[in-house]
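Novice: Protein chains in written order, with the numbering used here: chain Y, 6 to 289; chain W, 50 to 218.
Just so you know, these hints were derived from the structure itself, not from any lab. Here the structure is a predicted model, which is why all the values come from computation and not from measurement.
Covered stretches of chain W, going by a simulated chain Y footprint (3 or more residues, C-beta under 8 Å):
1. 113–119
2. 163–169
3. 176–183
4. 200–212
Computed list of lysine-lysine pairs in DSS-like fashion (alpha-carbon distance at most 25 Å, straight line):
5. Y:LYS146 / Y:LYS275
6. Y:LYS275 / Y:LYS144
7. W:LYS158 / Y:LYS214
8. Y:LYS42 / W:LYS197
Glycine included, every Cβ here is placed at the ideal spot set by N, Cα and C.
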Amino acid sequence: MANDKFALFLGCIAPLRYPGIEKATRDVFKALGYNLKEMTGAGCCPAPGVIRSFNQATWLALAARNLAIAEKQGCDILTICNGCYGSLFDANHMLNEDPELMKKVNTILKEVGMHYEGKVQVRHFAEVLFNDLGIEKVKQKMTNPLNLNVAAHYGCHFTRPSKLKHIDDPERPRMLDELIEWTGSKSVPYADKMMCCGAGGGVRSRDAKFALSFTETKLKNIKAAKADYIIDVCPFCHLQFDRSQRDLPGYDIPVIHLSQLYGLAMGLPKSSLGLEAHEVKVNL
Amino acid sequence: MSNVKIPDPAFAQSIIDAGGKTLDLCYQCGTCTASCPSGRTTAFRTRQLIRKAQLGLKDDILPSEDLWMCTTCYSCVERCPRDVDIVDIIILMRNMAVAKGYMAEDLKKVGRSLLKIGATVPMADNIKQLRVSMGLSAEPPTTAGDPKAMADFRKIMEITGFDKLIGGQ
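Whole structure, please, built from the sequences with the hints as guidance.
Specialist: In C-alpha cells, the structure reads:
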C-alpha cells in the first residue's frame, strides 16, 4: 500500500524554473511507494534570506499558512529545496518553542480561516531517502546504475544550523555523498566543498556580480577536481550554478538535482527529467 | 572629535528584545570573520558588525551595505564558540533597516513579486510548455493558479503590513 505520509511542498524555483525537479521527485517517490499529497494553494515558503530579511513577522505568518495546509491533511511536509526546508523548518521550530508566538500567528491565520497546531514535521527529500528508505529499498529500484564522476554540493540550509537540524556533520557531512554513491557514481572530493553557492540571503537578487564570485570559486574547485557534473539538493543553488555559467564561460559543468539523478538511475524516461530547462546542456 | 561614535544601548536592547538574545555573548574572537565566505574577497567583517550591534551603533549599521553581504550560510554560527545566533541577529537588523526605508530596489522587486503572485519568480511560457510536455499541470498547484489562495496569501501580507513596507505592488 502506498505511503500517504508526505505532502509535497513545491516552492518557487522548482516548479517555475526547473519543473524537471518537480517531475523527477514525483516519479521517484512514486516508484519508492509514496503517494505524495498536493499542498493545494501553498505559496512561497517564504524565502529565508530575502523575505525573512524584510519582515520576520510576515515570513513567519506565511510559513505558518503553508504548514497549516499540510497539517489539515494530516501530513508531514516533503521539501525539495534547501531554502524551503530552511524556512519551513525554522518557522515550525520557532512556533513550537514559543506558545505566545504561535497564538499571535494563529490570530493572523484566523483571518483567512486557517489554524496551525504545530503537528507537522518538515523534512528534506534527500534526508528522507537516506533515513526513511535507506540503501536496500532505494537500490532495489535502481535499474540503471550510473557511473558518473560528480561533485556534491550540499548547500547551506540542508545541514545548517546543525543545532536545530541534526541532519549530518555540518563541516564534513557524508549523507549526500553516500546518496550519490548508491547510484553507482563517484562523489569526488574538492576544495571548499561546504562553501555557499553565493545566491542566498538576498545576495543574488541584490548584487548578482558578488554572488557570481562565490560560484566562480566553487566552479574552479570543482573543475580542478575533474568532476563532470554538479549534484545539488536545492533548486536555488541549482539555478545559481546553472545560470551563472552563462557569465562564466569555459566551465561547462552540467548541474543535476539529486531527484533528477535518481530519476536517471531508476530508469525514468529522460523526457521526465526536464533537462531542456537547463542552461548547461546535460548529455546523458 | 567629529568621528567619535556614541553608543546607543537602547538599539542593542531592541535587537535582544526582537529575539537576538545571544548578542552579548560575543567576545570578539573573530571566528565568524575567518569563516565568512563574503569576507574573503571584501571588507565585510562579521565580527565588526556584531561589535557595532553590541554597542548599538545604529547609524553605522542600518544604512550600511555590510548588512546585506551575508548569504545566511551559517558557517559562522556553526563555528561560534559562544553560540551567538549571528545570522538571526543580522536578519533582525535587516528588518530594522527595512522598517527605516533602507532596502535595495532589486530586493523590493522580489517583495512585489510575492505580493502579486505568491512566488519569488514569475512563470514563463517555455516552462509552462515543458511542464505540460512532462505531464505536469501547466500551472503548479500553488497560489499561481488559485485566486482564493492568492487572496488569502495577500491578506496575510496586508495584516502584517508587508504591502506598505515594500511600497505596494
